[in-house]
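Chains as they are written, first to last, in this note's numbering: chain A, 570 to 675; chain B, 570 to 675.
Careful, some of the hints might be misleading.
Copies of the same chain look alike in the list, so a pair counts if it fits in one copy or across any two.
[Stated by the list, open to error] Straight line, CA to CA, 16 Å or less: simulated EDC-like cross-link-like pairs of lysine to aspartate or glutamate:
id: 1; residue 1: Lys-660; residue 2: Glu-673
id: 2; residue 1: Lys-660; residue 2: Asp-623
id: 3; residue 1: Lys-636; residue 2: Glu-667
id: 4; residue 1: Lys-665; residue 2: Asp-631
id: 5; residue 1: Lys-636; residue 2: Asp-669
id: 6; residue 1: Lys-636; residue 2: Glu-673
id: 7; residue 1: Lys-604; residue 2: Asp-669
id: 8; residue 1: Lys-660; residue 2: Glu-621
id: 9; residue 1: Lys-636; residue 2: Asp-610
id: 10; residue 1: Lys-604; residue 2: Glu-667
id: 11; residue 1: Lys-604; residue 2: Asp-631
Simulated from the structure, these hints should not be mistaken for laboratory data. Please read these numbers as outputs of a predicted model, since none were measured by experiment.
Protein chains: 2
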Amino acid sequence: MIAHTPLPLYYAVIFTSTITGENQNYAAMADAMVKLAQQQDGFLGIESARNELDITVSYWLDLESIKNWRENAQHSIAREMGRSDWYRTFKTRIAKVERDYNFERE
Amino acid sequence: MIAHTPLPLYYAVIFTSTITGENQNYAAMADAMVKLAQQQDGFLGIESARNELDITVSYWLDLESIKNWRENAQHSIAREMGRSDWYRTFKTRIAKVERDYNFERE
Chain A
570 MIAHTPLPLY YAVIFTSTIT GENQNYAAMA DAMVKLAQQQ DGFLGIESAR NELDITVSYW
630 LDLESIKNWR ENAQHSIARE MGRSDWYRTF KTRIAKVERD YNFERE
Chain B
570 MIAHTPLPLY YAVIFTSTIT GENQNYAAMA DAMVKLAQQQ DGFLGIESAR NELDITVSYW
630 LDLESIKNWR ENAQHSIARE MGRSDWYRTF KTRIAKVERD YNFERE
């Protein structure tokens, strides 16, 4: 679903990845991390889509919330497992959302 | 593929959409728009993934390049067809990429 974020300014973490192969542990961990992120202060929403590429964009109130999420202990462990086992390549981009536009069919 | 963007600062256009149904014209137009975007001044890269949600993130040198792309005649026509026929809902977010991090398996 498209995330119902507030009016800008807010932040986006654009996380783009390719994985080494299908892996049940990876899928379970990814789901768990989404649930955990949703419980964090400053979390605004998340959008995810995947085919060859996995794109997950999470939205945050400010850089402080992103830093806290980055330093979350369970998230740090998951990230290390990702680096050691699951990801072939990834790129994380921290971006300040300055404007947005919506369309909804009537 | 993960886009090989330059060092920040640069801009991201995060375009998240759901469509009304599968449509060959939509798929062909989407492909044509990617090819056209790649020819524009200031274009830096594009990433796309899709399941129920379609997430396309394009990267641009500056706000001027994004404005020019928005005003491109063929792109404007495609956007109107999207509003009239294809999209159920979409959200466009313009964001300034301030930092990025990479991982590549050795």
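Verification of the supplied hints:
no.: 1; hint: Lys-660 / Glu-673; in the structure: between (31 Å within a copy, 9 Å between copies)
no.: 2; hint: Lys-660 / Asp-623; in the structure: within (11 Å within a copy, 19 Å between copies)
no.: 3; hint: Lys-636 / Glu-667; in the structure: between (20 Å within a copy, 14 Å between copies)
no.: 4; hint: Lys-665 / Asp-631; in the structure: both (9 Å within a copy, 14 Å between copies)
no.: 5; hint: Lys-636 / Asp-669; in the structure: between (24 Å within a copy, 14 Å between copies)
no.: 6; hint: Lys-636 / Glu-673; in the structure: neither (33 Å within a copy, 22 Å between copies)
no.: 7; hint: Lys-604 / Asp-669; in the structure: neither (25 Å within a copy, 24 Å between copies)
no.: 8; hint: Lys-660 / Glu-621; in the structure: within (15 Å within a copy, 23 Å between copies)
no.: 9; hint: Lys-636 / Asp-610; in the structure: within (11 Å within a copy, 34 Å between copies)
no.: 10; hint: Lys-604 / Glu-667; in the structure: neither (26 Å within a copy, 26 Å between copies)
no.: 11; hint: Lys-604 / Asp-631; in the structure: neither (19 Å within a copy, 34 Å between copies)
In the structure shown, a violation is registered for the earlier hints numbered 6, 7, 10 and 11, in ascending order.
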